[in-house]
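Student: Here are the chains, one letter per residue:
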Amino acid sequence: MRPVFNYIDRSSPIHCLAGATKLVCLLLWSFAAMLTYDTRLLILLSVLSVALFRLSRIRLGDVSFMIGFTAVIMALNNLLVFLFAPQHGVTLYGTSHVIANLGGRWVITKEQLFYHLNLILKYLATIPIVLLFVCTTQPSEFAASLNRIGVKYSIAYSVALALRYIPDIQQEYHEISQAQQARGIEMSKKESLGKRLKAASAILIPLILSSMDRIETISNAMELRGFGKHKRRSWYMARPFRTADFLSMAVCALLLAAALLLNHLNGSRFWNPFV
Amino acid sequence: MNDPIIQFHHFSFQYHAQSEPTLHDIDLEIRKGEKVLICGPSGCGKSTLAHCINGLIPFSYKGECGGSLTIAGRESRELGIFEISRTVGTVLQDTDGQFVGLTVAEDIAFAPENDCLGEPELHERVQKAAALVGVEGRLHHAPGELSGGQKQRVSLAGILVDDVEVLLFDEPLANLDPATGKQAIELIDEIQKKTGAAVVIIEHRLEDVLHRHVDRVVLMNAGRILADVAPDELLSGGLLKENGIREPLYITALKYAGVTVSADMHPDSIEGIILREEDREKLRDWFERTPPAPPMPERPVQLDIHELRFAYDNGHEALRDLSLSIRAGELSAVVGTNGAGKSTLCKLICGFEKQQSGTIELAGCDWASLSIKERADHVGYVMQNPNQMISQTMIFDEVALGLRTRGVGEEEIRRRVEETLKICGLWPFRNWPVSALSFGQKKRVTIAAILALEPEIIILDEPTAGQDYRHYTEIMEFLLALNRRGITVLMVTHDMHLMLEYARRAIVLSDSRLIADAPCAGILTDGEIIRRASLKETSLYTLAQRCGIDDGRAFVQRFIDYERREVRG
Numbered sequence: 000m001r002p003v004f005n006y007i008d009r010s011s012p013i014h015c016l017a018g019a020t021k022l023v024c025l026l027l028w029s030f031a032a033m034l035t036y037d038t039r040l041l042i043l044l045s046v047l048s049v050a051l052f053r054l055s056r057i058r059l060g061d062v063s064f065m066i067g068f069t070a071v072i073m074a075l076n077n078l079l080v081f082l083f084a085p086q087h088g089v090t091l092y093g094t095s096h097v098i099a100n101l102g103g104r105w106v107i108t109k110e111q112l113f114y115h116l117n118l119i120l121k122y123l124a125t126i127p128i129v130l131l132f133v134c135t136t137q138p139s140e141f142a143a144s145l146n147r148i149g150v151k152y153s154i155a156y157s158v159a160l161a162l163r164y165i166p167d168i169q170q171e172y173h174e175i176s177q178a179q180q181a182r183g184i185e186m187s188k189k190e191s192l193g194k195r196l197k198a199a200s201a202i203l204i205p206l207i208l209s210s211m212d213r214i215e216t217i218s219n220a221m222e223l224r225g226f227g228k229h230k231r232r233s234w235y236m237a238r239p240f241r242t243a244d245f246l247s248m249a250v251c252a253l254l255l256a257a258a259l260l261l262n263h264l265n266g267s268r269f270w271n272p273f274v
Numbered sequence: 000m001n002d003p004i005i006q007f008h009h010f011s012f013q014y015h016a017q018s019e020p021t022l023h024d025i026d027l028e029i030r031k032g033e034k035v036l037i038c039g040p041s042g043c044g045k046s047t048l049a050h051c052i053n054g055l056i057p058f059s060y061k062g063e064c065g066g067s068l069t070i071a072g073r074e075s076r077e078l079g080i081f082e083i084s085r086t087v088g089t090v091l092q093d094t095d096g097q098f099v100g101l102t103v104a105e106d107i108a109f110a111p112e113n114d115c116l117g118e119p120e121l122h123e124r125v126q127k128a129a130a131l132v133g134v135e136g137r138l139h140h141a142p143g144e145l146s147g148g149q150k151q152r153v154s155l156a157g158i159l160v161d162d163v164e165v166l167l168f169d170e171p172l173a174n175l176d177p178a179t180g181k182q183a184i185e186l187i188d189e190i191q192k193k194t195g196a197a198v199v200i201i202e203h204r205l206e207d208v209l210h211r212h213v214d215r216v217v218l219m220n221a222g223r224i225l226a227d228v229a230p231d232e233l234l235s236g237g238l239l240k241e242n243g244i245r246e247p248l249y250i251t252a253l254k255y256a257g258v259t260v261s262a263d264m265h266p267d268s269i270e271g272i273i274l275r276e277e278d279r280e281k282l283r284d285w286f287e288r289t290p291p292a293p294p295m296p297e298r299p300v301q302l303d304i305h306e307l308r309f310a311y312d313n314g315h316e317a318l319r320d321l322s323l324s325i326r327a328g329e330l331s332a333v334v335g336t337n338g339a340g341k342s343t344l345c346k347l348i349c350g351f352e353k354q355q356s357g358t359i360e361l362a363g364c365d366w367a368s369l370s371i372k373e374r375a376d377h378v379g380y381v382m383q384n385p386n387q388m389i390s391q392t393m394i395f396d397e398v399a400l401g402l403r404t405r406g407v408g409e410e411e412i413r414r415r416v417e418e419t420l421k422i423c424g425l426w427p428f429r430n431w432p433v434s435a436l437s438f439g440q441k442k443r444v445t446i447a448a449i450l451a452l453e454p455e456i457i458i459l460d461e462p463t464a465g466q467d468y469r470h471y472t473e474i475m476e477f478l479l480a481l482n483r484r485g486i487t488v489l490m491v492t493h494d495m496h497l498m499l500e501y502a503r504r505a506i507v508l509s510d511s512r513l514i515a516d517a518p519c520a521g522i523l524t525d526g527e528i529i530r531r532a533s534l535k536e537t538s539l540y541t542l543a544q545r546c547g548i549d550d551g552r553a554f555v556q557r558f559i560d561y562e563r564r565e566v567r568g
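Protein chains in written order, with numbering that gives the first Met the number 0: chain S, 0 to 274; chain D, 0 to 568.
This is chain S alone, in the form it adopts within the complex (with noise of 0.2 angstroms):
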């Protein structure tokens, strides 16, 4: 079983910066890549994210599963697109280049193979970012930064809670089943879905109810150590911001700027090669 956050040790320049500036980074850059279909910036935030990848020293095997998964995702959204709005591109850019007629109204244009080419290059640009943060943040200190930002510590640190004890309750609902099981519940597929449905709550049920005595034994040791006294809190895994950090948030607020820029000379978020 793996966790979410399937934090990847090693040392490298990504790894030494503090936990809120990836985050930071993070949304700074997924803004940018998401605004802009400028295909210009695409392409250098593509290059970039793939470089700053190499320069994790996480290797493509680490990620292999998020990969393909992803690789799937973006096949099914190019063909649904193809599928359902073959035309988009030719009301995107005005122009129509037929390359092929597939029939009806499949046509292959070139201004839908280049809007093809920037829903690509936009997972190219997002996705080994993302990867990225996932791999070379701790969770606590994912949490810490979280707060950092401005969201509630109480709130930032039921994610951290949550890391903590995805595994024991995965666990605990291993067992539950295994015993159920022996009881005659089975979950397999052969069984109606009437019968499903009752196999889980046989699982489920001892589940929430152990759960909630494990959250009031939770609740219990945090109030005693007096969580939630102040309005502010320290975290042991915070990192102090150093230039390196400062840098790294500058060029992505700086990637963002050129996006809304390019967007406003563009007149809109789609740059036109064929006028």
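There could be a bad hint or two in this list.
What the hints assert, rightly or not - List of simulated lysine-lysine pairs, PhoX-like, C-alpha gap at most 25 angstroms:
#	chain 1	residue 1	chain 2	residue 2
1	D	K61	S	K228
2	D	K193	S	K228
3	D	K192	D	K31
4	D	K441	S	K197
5	D	K192	D	K181
6	S	K194	D	K372
7	D	K127	D	K31
8	D	K193	D	K181
9	D	K254	D	K535
10	D	K181	D	K441
11	S	K197	D	K372
12	S	K228	S	K151
13	S	K109	S	K121
14	D	K346	D	K441
15	D	K193	D	K31
Keep in mind that the hints were calculated from the coordinates and are not lab data.
Given the structure of chain S, go ahead and fit chain D onto it with the hints provided.
Tutor: Below, chain D alone, put in the same frame as chain S:
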């Protein structure tokens, strides 16, 4: 001595949800540097008293307080829970649940973080507190990489990181194996000497806590304090037994031998108790006089386990070449440290996991091809916490669940469930909802739900965890009665008393291997096995040595036989 730091005066408390007060007229003083044990049976009010001391009452659990409770000279209800936690640090019973950090260091840092303590002081204080309890080498470990004892040390460091004046331990022995429990008591003693804090221990395992000196023992029952005296005095009277607390075994043995135990003998430890020559003589006489039990008739092998090997996906070898046979109608205990392979063994028997090599045979039939469900017709598995098993609202339905999934006819189900409920003493509750039952009764329901399937063997994980002496006895007598009906019982346990009093045989695992398989009296007097399996030597053995009985093992066996025959009949 010093000023009282905690002072109850005519104090009473009633939860809003209850019609009767839980605490009546409590008068109690705890002074700086004192070590006080609060004991009593389940439901006597000792946990409620602990909640009053740490401020969970009245700030988290609401209710009506009467009289006065002052903490460091100020009335508790005028303070807040956060202010009280500056004076009183609490280590809760659940070593796992109270671990709130993702790593050791973060967990220790939790309280000072909430005080907004900044770097580098935060790191310095964490380092210091970790060193005090000996976990400084594990600062970056996750809770999953720690043993129960280590987790408890981390919790303790988490309160020592602030300079508290009272250390409150709520059932510190509940989740630990015997040797770790012994170390915990030693650690508490050591920390008290280093910090000079007052220590309050809530625990019903008297003998284990008395492993180190305690200034006073407060005995509670039904919400009142019955005694607040030095341990020597309490041990020499009859109050403990009357109130459902187990007295130390060496004292029970002395009483059987006709020795009158008085306070001036200093009975609070087996090493320190003063025994006159005539007392020793009496014990030797009793030993000679008591006949050994006749040997058990040899029964046929029921479950035959041969060279079992199992490793988890991550390569960790959980069982190595384990061979073992269980005979029909036996009642045995599986013991050893956490991670020694006890639960893996049970999982393999029940088919939850599949062994890499080796065989399991029931009455000569190989089990390799049987599914979990098919095996469950022969072997029943009862989890430690009944809340992990119960999924139905009504008792009848819960017990019938396994039969219904097997497609047994409704009439047959009714007959079998009713019969099971009668055997389990649950017949009067047959139409009750499960939620109305006590913890011990729920445990019975889970056992009943397994029994309804009519297995030949029943495996229980820690059947008596968290139970006081009375409930422990109830559950164990019930299992004994089932055993007499011919059901083979296998119990995974940390409880040395349970082993000694009920199990005929102990199967000892250590480091993924079987290291001993013998009658319990032999195991608990063998220093080498005790050390390797993290068990604890029984005080009966030390008593025998002190009285000049050479064959300590025979003495322990004689004591067990005598209790089975004379006391429990």
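Student: Run every hint past the structure and note whether it holds.
Tutor: Structure-based check of all given hints:
Of the supplied pair hints, the one linking D/K61 and S/K228 holds, its CA atoms being roughly 19 angstroms apart against a limit of 25 angstroms. Note on D/K193 and S/K228: the hinted pairing is violated, with a Cα-Cα distance of about 29 angstroms set against a maximum of 25 angstroms. For the suggested pair D/K192 and D/K31, the alpha carbons sit about 12 angstroms apart, so the restraint of at most 25 angstroms is met. A hinted pair counts as satisfied when its Cα atoms are at most 25 angstroms apart, and D/K441 with S/K197 qualifies at roughly 21 angstroms.
Restraint check for D/K192 and D/K181: the C-alpha separation of about 17 angstroms stays at or below 25 angstroms, so the hint holds. Restraint check: the Cα-Cα separation between S/K194 and D/K372 comes to about 16 angstroms, which is no more than 25 angstroms; the hinted pair holds. In summary, the hint linking D/K127 to D/K31 is supported, as the alpha carbons are separated by about 23 angstroms, within the 25 angstroms threshold. The suggested pairing of D/K193 with D/K181 holds, with an alpha-carbon distance near 19 angstroms, which does not exceed 25 angstroms.
At most 25 angstroms may separate the alpha-carbon atoms for a hinted pair to count; D/K254 and D/K535 meet this at roughly 23 angstroms. A distance of roughly 30 angstroms separates the Cα atoms of D/K181 and D/K441; the hinted pair therefore is violated under the 25 angstroms criterion. About 17 angstroms separates the Cα atoms of S/K197 and D/K372, which keeps this hinted pair within 25 angstroms; it holds. A threshold of 25 angstroms between alpha carbons decides the hint, and for S/K228 with S/K151 the separation of about 13 angstroms falls inside it, so the pair holds.
Restraint check for S/K109 and S/K121: the C-alpha separation of about 18 angstroms stays at or below 25 angstroms, so the hint holds. Our distance criterion of 25 angstroms between C-alpha atoms is met by D/K346 and D/K441, whose separation comes to about 23 angstroms. Simply put, D/K193 and D/K31 have alpha-carbon atoms about 13 angstroms apart, close enough for the 25 angstroms limit, and the pair holds.
Going through the hint list in order, the structure does not satisfy hints 2 and 10.
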